[in-house]
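Undergrad: Sequence:
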Amino acid sequence: MAKIHPLSSVDPGAELADDVEIGPFCNVEAGTVIGAGCRLDSHVTIKRGTSLGANNYMAQGVVLGGDPQDRKYKGEPTFLKIGNDNVFREYVTVHRATGEGCYTTMGDDNFLMANVHLGHNVTMHSHITIANNSGVSGHVTIEDLVTIGGMVGVHQFVRIGQVAMVGGFMRVVRDIPPYMLAGGLDEEIRDINAIGLRRLGITPQSRLALHKACKLLFKSQLGLTNAMEIVRREVPMTKEVETLLDFEERRKNGKNGRQDQR
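Take 21 as the starting number for the sequence shown in this note's numbering and just add one per residue.
Among the hints, erroneous ones may be present.
Distance windows between CB atoms, simulated [what the hints assert, rightly or not]: (1) K92 to E254: 44 to 50 Å; (2) E262 to A214: 16 to 22 Å; (3) Q80 to I250: 49 to 55 Å; (4) A74 to P224: 34 to 40 Å; (5) E110 to E269: 39 to 45 Å; (6) E96 to V193: 24 to 30 Å; (7) R253 to Y93: 45 to 51 Å; (8) G274 to D206: 16 to 22 Å; (9) P26 to R91: 36 to 42 Å; (10) K92 to L220: 35 to 41 Å; (11) D206 to G243: 16 to 22 Å; (12) M257 to C122: 34 to 40 Å; (13) P32 to R270: 45 to 51 Å.
To be clear, the hints were calculated from the coordinates, so they are not data collected in a lab. C-beta atoms are modelled at their ideal positions from N, C-alpha and C, and glycine is treated no differently.
All chains, please: the whole structure from these sequences, using the hints.
TA: Here it is in structure tokens:
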């Protein structure tokens, strides 16, 4: 049997694994699924349409699966699906999607620090860290192994590429390319995320190729199309450089620097 504090309210229509632990003053609604090994600290709310995989931890005041903050939402059934081994620190909020049958999704092994917000229809991959007081708007996609600093605001439909690092206090209104380090209020691409790449075991040769591509694409003022042509001619086509070019090609074809907005 799940261990449920007597001061918590768990609807009989909620599906709980046998070893779930629920602390005091929590509220779990009907139509929720909480997987094995999940722990709810106190004052945690899990709303209808939310499913959690295994070994997720929710600190005090977390709210998962709330109605989307979207004027288009009219009460249609929507969902929030969360994977395994995620940490939600104090007062994190994650909303369900807008659009009947649609999902907000999160992968595995993500760490969301205090007061982080994820909006409706967000797609968050795995092994991501988001620092305190950052807000992610609707329809944003965050790829694997991204790190986002504190007090960051991410505009709707933005995509942040894999292994990117976003510095604190940034206003992110355009896509952040994979493997890059972005900082400053002007969304400047500073350089490659060298520390993150080293930790992943990316070879010095591949890091050097990415560094050359970065200089041409984001520092040369050649224009994106011309810069991409030069990268293809002059930079070794490692897997990481190909991923970067593919990302920039899609971004070029999007709207306002956001490949997922058409």
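Undergrad: Taking the hints in turn, state whether each one holds.
TA: Here is what the structure says about each hint:
Range check, K92 to E254: about 46 Å between beta-carbon atoms, so the 44 to 50 Å window is met. Roughly 19 Å separates the CB atoms of E262 and A214, a value that falls within the hinted 16 to 22 Å. Range check, Q80 to I250: Cβ separation about 52 Å, and the 49 to 55 Å hint holds. Remark: the range hint 34 to 40 Å for A74 to P224 is upheld by a beta-carbon distance near 38 Å.
For E110 and E269, the hinted distance range of 39 to 45 Å is satisfied, since their beta carbons lie about 40 Å from each other. For E96 paired with V193, a C-beta distance near 29 Å keeps the hint of 24 to 30 Å intact. The hint said 45 to 51 Å for the Cβ distance between R253 and Y93, and at roughly 48 Å that hint holds. Take G274 and D206: their Cβ atoms lie about 20 Å apart, and the range 16 to 22 Å holds.
Checked against the hint of 36 to 42 Å, the pair P26 and R91 passes, with Cβ atoms roughly 40 Å apart. Taken as a hint, the range 35 to 41 Å holds for the pair K92 and L220, whose Cβ atoms sit roughly 39 Å apart. D206 and G243 have their C-beta atoms about 18 Å apart, which keeps the hinted 16 to 22 Å range intact. Against the hinted window of 34 to 40 Å, the Cβ-Cβ separation of M257 and C122 comes to about 37 Å, which satisfies the hint.
For the pair P32 and R270, the beta carbons lie near 46 Å from each other, so the given range of 45 to 51 Å is met.
Consistency note: the structure conflicts with none of the earlier hints.
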